[in-house]
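There are 2 protein chains.
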Amino acid sequence: MKYISVLGSTGSIGTQTLDIVRNNDDLSVVAMAAGSNIELLEKQIREFCPKVVCVFNEDKAKQLRENIKDTDTKVVAGMDGLIETAVIETAEIVVTAFVGMIGIRPTIEAIKAGKDIALANKETLVTAGHIIMPLASSMGVKILPVDSEHSAIFQSLNGENRKQIDKILLTASGGPFRGKTREEMKNVRLEDALKHPNWSMGRKITIDSSTMVNKGLEVIEAKWLFDVDFDDIQVVVQPQSLIHSMVQFDDGAIIAQLGTPDMRLPIQYALYYPDRKYLGGDRVDFAKLASISFEAPDMDNFVGLSYAYEAGRIGGSMPTVFNAANEKAVEKFLNRKISYLDITDIIRYCMDNHKKIDNPSFEQILETEQTVYEMIENRW
Amino acid sequence: MKYISVLGSTGSIGTQTLDIVRNNDDLSVVAMAAGSNIELLEKQIREFCPKVVCVFNEDKAKQLRENIKDTDTKVVAGMDGLIETAVIETAEIVVTAFVGMIGIRPTIEAIKAGKDIALANKETLVTAGHIIMPLASSMGVKILPVDSEHSAIFQSLNGENRKQIDKILLTASGGPFRGKTREEMKNVRLEDALKHPNWSMGRKITIDSSTMVNKGLEVIEAKWLFDVDFDDIQVVVQPQSLIHSMVQFDDGAIIAQLGTPDMRLPIQYALYYPDRKYLGGDRVDFAKLASISFEAPDMDNFVGLSYAYEAGRIGGSMPTVFNAANEKAVEKFLNRKISYLDITDIIRYCMDNHKKIDNPSFEQILETEQTVYEMIENRW
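Chains as they are written, first to last, in the working numbering: chain A, 5 to 384; chain B, 5 to 384.
Treat the hints as calculated values from the structure; they're not laboratory data.
All the pointers check out, no bait thrown in.
Remember, identical chains collapse to one label, so a pair may be satisfied in a single copy or spanning two.
Listed next, the in silico DSS-like pairs over lysine-lysine satisfying Cα-Cα at most 27 Å (straight line):
no., residue 1, residue 2
1, K208, K336
2, K116, K78
3, K78, K55
4, K146, K167
5, K6, K167
6, K171, K292
7, K47, K78
As the structure is a prediction and not an experimental result, all values here were calculated from the model.
Bound-form chain A, shown alone (with noise of 0.2 Å):
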């Protein structure tokens, strides 16, 4: 049996993961932490029966203990309860699904725990790549990608020496405005960036797929993951999101993870890593497929994509600037509050508004974001 925790269980990643384990007998949910969407996770501990649940909102960890007085599982609250649930004693291993910068302390504390980590919280190699890294390597821990591209990428490297990469390509769909110019998105409705081609994710994460800013984030996860330079990481569009990332060695060999966009995938990958597991679903059918295609990816007009390079080239606190800046920005697109283009403009001002930091401690990384919010609600 693997004891699991996860961090996030209402939102995406966190209900396909729960997913996987009512699909596998050998696996146990020990700890769940949700934001305040209580009426899921009511749902869930009367499914899972976890020995300990938090809820971030102070008031929705009281209703909830109401609700579920009848259970065995205990309900904790605000960020001392979300550490409780990542330190968990009984689990081996922590998803991390909650989205945004609230996920890193609790990852930190996990790593310290020793749990190894499937890694599904952007922000923590984004932000903090420098501190997480090293301190999973002195602890012995495994840092497992949840995300599909970087999945794919360590799911290439099996068996492979890292000092053999040559370079990793990292797929992207290009999302729903590939191949049109910034003159053209001007108009971009709200509408119109939530309909990604081929994956169904968050709506934040769907916005920041239709800008190429999500695949800059993971150009940056990946440089920290796989412990490359950043001219080593070609992004590849791909429309058909059917090659999910690759590897180039030393000897031009090219490994590559190819599959149909279901996230359950990578999540399971991470759970049971190294094995495999069966895992129902549709496969790739290559009578019927067609083609796959391929192009470079347009960074002049999807400037989100260049600024990823920009910021984690600078480093520093610079990744810190670009994440919290497009995390702000978004949050004000889907609000409406502003145009689809305004989201890289706000981006570049805050970078173009920041004096780097190197090294920064998670303190400094935490007031680099409230500073960016700051910038950003001074001016829009």
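Once you've looked at the hints, dock chain B against the given chain A.
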């Protein structure tokens, strides 16, 4: 330093193996064998200074012995000589690039002597897989495939549990006549069949590639190399020859190996396995590539492939019949004695007129081959 014996050093795989050795200071050739091309062999001896070389043809061996009197290389001849080069004490790995049944006995002796095998001789596993694989396993020697497709599968299996293979996806270019009906292939001339769209190879294998008999032989080899059922080996036509093959696992994940068509890659991979080393040459340029297309193989018109599955499923001596009939038929086609479609008609005829021997000994395999040759000579 890694010491190598190269059987078939003057052929396509042999010369490319020596090219790898030429570019790597940590590889050394201690033995070589060739059929009769003593002009090239002499050049190779003067460059690589092996301890011993075998010329299969006794007269040619005598002549070479005279020609290289000034060197320290010993010249041996015939099957005994071939075996001497295969079991030479200093070699750790034997590249078996001899074409035809002649390659099998030295391979068996090399395995018995504990040498790893870089396997390029197709007949070895097609006709004697049931002898070779258990022997290699009991001797603890590695059978490292040199063929690009099998190497791709082998690379895709790196670090994976073979019990979790769902199916092998063996890619095929489809050859120069892809899309044609048998009727349209009636008048194929030798010159047309010798034009392979992507790979530069020997004449016999180029014809085999055009009929897809080559792919059929690879299907049978894959069965032995990777211990899978024929039902779990699917041929996928991928005309650009960019995906060299793939493996689908139980979880639906597909791992593939891609690259430019360059036989030096699988050769080098076998020589350095499990390591990789820099190899110069073209790299895939995904920005320029545009697309990779796929289709199902047309087994109704390329009947050679379906006959291979049939022979493989029947097992015993039938794959030997398939291979020997094809070998003799292609020889006749290369000598302009028969028409293009006669090749597969001859295979069909021989399979229909053979009574299968279960679990044939090496002697029975050789007898079967002779019987097939006679069967063909008597009729065509």
